[in-house]
Structure formats: structure tokens, C-alpha cells
Amino acid sequence: MDYETLGNVVLLAIVTLISVVQNGFFAHKLEHESKTHNGWSFQRTGTLAFERVYTANQNCVDAYPTFLVTLWSAGLLCSQVPAAFAGLMYLVVRQKYFVGYLGERTQRTVNRKPKTEEHSRLKRSRVLAAGSASQTLLGPGVTEGARQWRSTRGYIFGKRIILFLFLMSLAGILNYFLILLFGSDFENYMKTIANTISPLLLIP
Amino acid sequence: MDYETLGNVVLLAIVTLISVVQNGFFAHKLEHESKTHNGWSFQRTGTLAFERVYTANQNCVDAYPTFLVTLWSAGLLCSQVPAAFAGLMYLVVRQKYFVGYLGERTQRTVNRKPKTEEHSRLKRSRVLAAGSASQTLLGPGVTEGARQWRSTRGYIFGKRIILFLFLMSLAGILNYFLILLFGSDFENYMKTIANTISPLLLIP
Amino acid sequence: MDYETLGNVVLLAIVTLISVVQNGFFAHKLEHESKTHNGWSFQRTGTLAFERVYTANQNCVDAYPTFLVTLWSAGLLCSQVPAAFAGLMYLVVRQKYFVGYLGERTQRTVNRKPKTEEHSRLKRSRVLAAGSASQTLLGPGVTEGARQWRSTRGYIFGKRIILFLFLMSLAGILNYFLILLFGSDFENYMKTIANTISPLLLIP
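Chains as they are written, first to last, in our numbering: chain A, 1 to 204; chain B, 1 to 204; chain C, 1 to 204.
Treat each hint with caution, since some may be false.
No farther apart than 30 Å at their CA atoms in a straight line, the calculated lysine-lysine pairs in the DSBU-like style are these [claimed, not checked]:
#	chain 1	residue 1	chain 2	residue 2
1	C	Lys191	A	Lys29
2	B	Lys35	A	Lys29
3	C	Lys159	C	Lys191
4	B	Lys29	C	Lys35
5	A	Lys159	B	Lys191
6	B	Lys159	B	Lys191
7	A	Lys159	A	Lys191
8	C	Lys29	B	Lys159
9	A	Lys29	B	Lys29
10	C	Lys191	B	Lys159
11	C	Lys29	A	Lys35
12	A	Lys29	A	Lys191
13	C	Lys159	A	Lys29
14	C	Lys29	B	Lys29
15	C	Lys191	C	Lys29
16	B	Lys35	A	Lys159
17	A	Lys35	C	Lys191
These are computed hints drawn from the structure, not numbers from a lab. Quantities reported herein were computed from a predicted structural model and do not represent experimental measurements.
Just chain A, with the same shape it has in the complex:
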């Protein structure tokens, strides 16, 4: 690619490469857990600990193509900087989500007896309450992650960020048809709005 084209996508490319590193990290964790707990078996089932890492990884993997598509659509059709920023936020949320799952796992494996299930829930509530209390200490990213993880119970996370990227893409496509129909280009307004809204993603 020539220099100017590259300048239009370099931030998106950096975010994408960070996400690749993160995927590698998740896969490494999964492999480690599998080696530790499952011995020589190739199965997808195993100890509760392995099940959890597997599920966390699976949820991240399932959402990955959707994330990539919205990231690049938003970046190319609308504006690069806010899209790359939102993408970075998503990766932070994903990291917190995965680590939250692992933490939950560790706690569960300690109280693995069914009769301590109720106790474990109480304990978890306390952990989450502590998470809310530590919000001011650790910044919004942590709380975002914890909140997503709690509210979605593991199937969807980072909904708001994906929605933001999706709306940016939609704005880019609408702008194309406005140019086509009325000859008026709202690209600058659009970029200004996207830049203004993107910091709001930091609010937990």
C-alpha cells in the first residue's frame, strides 16, 4: 500500500494487531489449563476450571469476527481515530472479561462442593460489591469489564462499544447516499460528532 492509504488505516491495523496478541494470550491460557487439568485427553469437557476457560475463550472467539468487521467498517466508512479508540476500549473490556472469568473460576474451584454453592454466590456478590467500591481507584475500564461480565453472564460483552462502531458505519453509509441524492457532504460534521461522542465510552 502507498503511504497515504496506509496513513488512513494504520491505527486500525495497530488495534487489530493488539487483538491478535490478545487472541494468542487467550489460546495460551486455554492450552495451559487443558494441560494442567485434563492430562492427555482431547475432550472439550473436563474439570469445572477447564470448562470456564473454554467458555470464556469461546465467547471471545465468537464475537471476534463481528468486532473486526464493525471496527474496520467504522474506521473506513466514517472516521479512523474514534473507531480505533473504541476498538482499544473493546480490547480492554475483553481482557477484563476474560480475567473476570478466570477469577470466578479460581473462586469456584475452591468451593467446588455443591452444598457451598449458595455461600459461593454470597461471596461473589461481595466481590462484585468490592469491585464497585474500587471503581474510583482502578478507573472506569475495570468497572466496565466487571459490569459487563456480571450483567451478560458470559455471552455478550462490550455491547455499547460494538453499537457505537455500528452507528459510525451506518452514518458513513447514510452520508454516501446523501452525497448521491443531494450532493451535500456531511463528512466533517460526522467526524466531529464521532470524535465528541467517543470519550463517553469511558463512562462506566
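Chain A is fixed; fit chains B and C onto it per the hints.
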């Protein structure tokens, strides 16, 4: 992106954004089912109903990167309009497939006893027969979905559409080498052929 | 796309289309296995044989978006030819990995009794030893596949190739910032280095 480049991909981008909305819908259904039936557990297993939604979602997710790749290859290497049309058809098939799975699920959970299994199969055959009968009422999309769902039993669907997109990509690459070797450009013939064939995807 | 742009991505597009064919092959194998062993059930669980094919397919599917992203990043940001070559190598490794899983499966289903587990392991070691012995006969690809399959036990394979593609992408991005900051373009050096290193991927 500048205006001309955007014009070459805008239909593909629209189809892609619709697929993102659909992914969100599938994930929402899965989350809802998980909340309703599994209580607080994070597991991938659960009631039969949850298993079905999970499997349906997994099959859609697994095929998603392949679909995106063939869609954009066909659109960029060959011709945009037929590729976007085929992509839209694929999304319709996918929707019918997912909804078919959910319907199958509901029916199964009603007759959950093993001894009514045989009865359930008979009932299902009748449902499928009814589906064939309602073909003229509901249009080809529905039958396509039902047929795919029945014939593949959940692992591959929309084969014909993916094949069409794949052949379009292949034609685009062959055309590149024809230009390289003989200096003759068959792009217009290729586009005409793709445009002519694409309505055939509507035939159930 | 115009002719020059197409020339910059045609090799990447070919590798991508081959990977699509391979995905179809994997999905076909999974469907076949499901039909043979599971009868009419839609479940993700089943016989050990089905579980294995499912797991092998799942591992390939999970890594697929990451592979595509690094392939195209490396090809667009750095150099096309070594990236396409590495991508092709990855596809070979993936094929060997999948076939290795199937072979393992067949062998396991023969000795399915738990008491012959230990015996099965010994047999497997012998198979792997035979694999090493046949290295000179079958070329490096086979050994690479067997080695990856053995060492990672099914969760990550082709690490080295993904790493190579990732480093190429990283070099491309670093080069962009070097041009931005110092005005010196190292693109030619970079391409030469990538071309020189890529044959090393053939070493098992």
C-alpha cells in the same frame, strides 16, 4: 475512503452491517435462553432447549468468517451487485435456519420423554411436509431455509450461495491471469454472466 | 478493483480462496461423521469419534479469523509474496493437523476400552516415532503437522507461521512511523529480509 471507492463497496458494506445486526440477534436469543433455563450457571451445557440454541448459534458463528471472505472476494474481484444480492440471500437462509432450529427446539421440549421420540419424528416429518406445502404461500426463501436445515442437520447451510460467491471470486482471479497472459479483459462478460446467474439463487 | 491494485493482492486472494475450500472440506467431514454416528440427534456430543472431529474442526475455526487478519496485514503492510507463501504453509499445517486428529480418532475408536488406554498411548508414540522416521520421505510439511499436533494437543497449531506473519505486519507499521518521523523508507530492506526468512518456515 473517497467517494468512488466507497461506491464500489457500499452494497457489500450494507450486507455486512445487516449480518452484524443478525449476529447480535442470535447472541441475544442465546443469552435470553441461557438466562431463562440455566439460572446462574455459566456452562455450555444445560437443558435440551439451551443446547439447541447454542448449537444453532455455533453453526452460524463457525460459518461467518467463511461467508464474509467469499462475499468480499466476490464483490471486489468480480462484480458488486450479484455478490451483495447473494449475500442478502445467505442472510435470509441463515435467519430461516436459526428460526427453524428454535421451532424444532420448542417442539422437542414439548415431547421430551424418550418414548415419544418416534412420535416426534413423525410429527416433524409432517411439519416439513407442511413446509413444502406452504412453499407457494411463503415464497422461496422459507423453503430454502427449511430444506437446508433438514438436509444438513445443522452443520452446513447455504452451500449453494457460498459456492456461487466462490465461483465469482475464482472467475475474478482467472480474469486477472488472462489479462496478464493474453491481454484480453473478460470483465464485462464475467459481470454479465454473474448478473444473469444470480437470480437463479432464488429457485428453491 | 483496477488491475494494479488487484496485482497487489491476487496471491493473498488465492490463498484465502484455498482456505475457504479447506473450511468446506472440514465442515463436510464433520457433517459426514455426524450423519454416520449420531443418527438424527442435533447434539454437539456423541461418540468419541464425533467428539474428535468436532474438536478438530472447532480448533481450526477458532484460529481462522486470526489467521486471515495476520495474512492480510502482513501482505498489505509489508510484502505480498512471503506472506502468501507463509499462508500456504499454514494451510498445509492445518490440513496435517486435521488429518492427524482423524487418524488419532480412528486408532482410538479401535481401542475404545478404558483398559487399553495405556496400550493406545504406547501405540500412538510408535506412530509418532514412525512419523519422524518418514520425515525424509514425506518432506517437512508432514513432520511440521505431526509435531504441531503432538506438542499443542489440539489448541494451537502453526504458531511459528502466525508469529512470522505478525512480525511482518509489525515491521510494516514500524516502517510507516519511520517514514513519518525520519523520512527514511526501509520498505525494500524489509521486503528483502522477509523474502530471505520465509523459506526458513519449511524447516520442521
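Verification of the supplied hints:
Among the hinted pairs, C/Lys191 with A/Lys29 is inconsistent with the structure: their alpha-carbon atoms are about 34 Å apart, more than 30 Å. For the hint pairing B/Lys35 with A/Lys29, the CA-to-CA distance comes to about 27 Å; that is within 30 Å, so the pair holds. Between C/Lys159 and C/Lys191 the CA atoms are separated by roughly 22 Å; this keeps the pair inside 30 Å, and the hint holds. At most 30 Å may separate the alpha-carbon atoms for a hinted pair to count; B/Lys29 and C/Lys35 meet this at roughly 27 Å.
For the hint pairing A/Lys159 with B/Lys191, the CA-to-CA distance comes to about 39 Å; that exceeds 30 Å, so the pair is violated. For the given pair, B/Lys159 sits about 22 Å from B/Lys191 by alpha-carbon distance, which is consistent with the 30 Å threshold. Under the criterion of a C-alpha separation no larger than 30 Å, the hint pairing A/Lys159 with A/Lys191 is consistent with the structure, at around 22 Å. At most 30 Å may separate the alpha-carbon atoms for a hinted pair to count; C/Lys29 and B/Lys159 meet this at roughly 14 Å.
For the suggested pair A/Lys29 and B/Lys29, the alpha carbons sit about 28 Å apart, so the restraint of at most 30 Å is met. Under the criterion of a C-alpha separation no larger than 30 Å, the hint pairing C/Lys191 with B/Lys159 is inconsistent with the structure, at around 39 Å. Of the pairs offered as hints, the one joining C/Lys29 and A/Lys35 holds, with about 27 Å between alpha carbons and a cut-off of 30 Å not exceeded. A distance of roughly 39 Å separates the Cα atoms of A/Lys29 and A/Lys191; the hinted pair therefore is violated under the 30 Å criterion.
Our distance criterion of 30 Å between C-alpha atoms is met by C/Lys159 and A/Lys29, whose separation comes to about 14 Å. A threshold of 30 Å between alpha carbons decides the hint, and for C/Lys29 with B/Lys29 the separation of about 29 Å falls inside it, so the pair holds. Restraint check for C/Lys191 and C/Lys29: the C-alpha separation of about 39 Å exceeds 30 Å, so the hint is violated. Simply put, B/Lys35 and A/Lys159 have alpha-carbon atoms about 17 Å apart, close enough for the 30 Å limit, and the pair holds.
At most 30 Å may separate the alpha-carbon atoms for a hinted pair to count; A/Lys35 and C/Lys191 exceed this at roughly 39 Å.
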